[in-house]
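First residue of the sequence shown: 1, per the numbering used here; consecutive thereafter.
Worth flagging that the hints you see were computed from the coordinates, not collected in a lab. Where is the CB? At the ideal position from N, CA and C, for every residue including glycine. Relax, there's no trap hidden among the hints.
Label pairs and their calculated CB-CB ranges:
(1) Lys22 to Lys53: 18 to 24 Å
(2) Asn30 to Thr57: 16 to 22 Å
(3) Gly70 to Glu50: 27 to 33 Å
(4) His62 to Ala39: 15 to 21 Å
(5) Ala48 to Gly70: 25 to 31 Å
(6) His62 to Asp18: 15 to 21 Å
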Amino acid sequence: MEAYSLLTVSDITVPDVDQLRKLADRGHENGYLTMQEIAQELYEADIAEEHVKDFYTYLVEHDIELIDAGDARSDG
Numbered sequence: 001m002e003a004y005s006l007l008t009v010s011d012i013t014v015p016d017v018d019q020l021r022k023l024a025d026r027g028h029e030n031g032y033l034t035m036q037e038i039a040q041e042l043y044e045a046d047i048a049e050e051h052v053k054d055f056y057t058y059l060v061e062h063d064i065e066l067i068d069a070g071d072a073r074s075d076g
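Please model the complete structure; the sequences and the hints are all you need to start from.
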């Protein structure tokens with residue numbers, strides 16, 4: 001497993017991984033992320049379990065709604 005620097009926000013420490021930063025940015029922009037896209041990015045980032053929990057907490061605390069792919073909103 002690769003070593004990552006850490007990003008601390010509101011007492012939550014998550015790996016400062018480019019994929020996760022982009023995912024969080026997309027969540028801030030859209031107001032939501034699908035559970036499937038989160039799971040895929042977390043799998044690809046190969047981070048420790050405690051950081052996965054912290055990342056989910058970060059998303060919730062920053063008002064990023066976590067939804068199922070079938071509930072994803074369309075832009076139109």
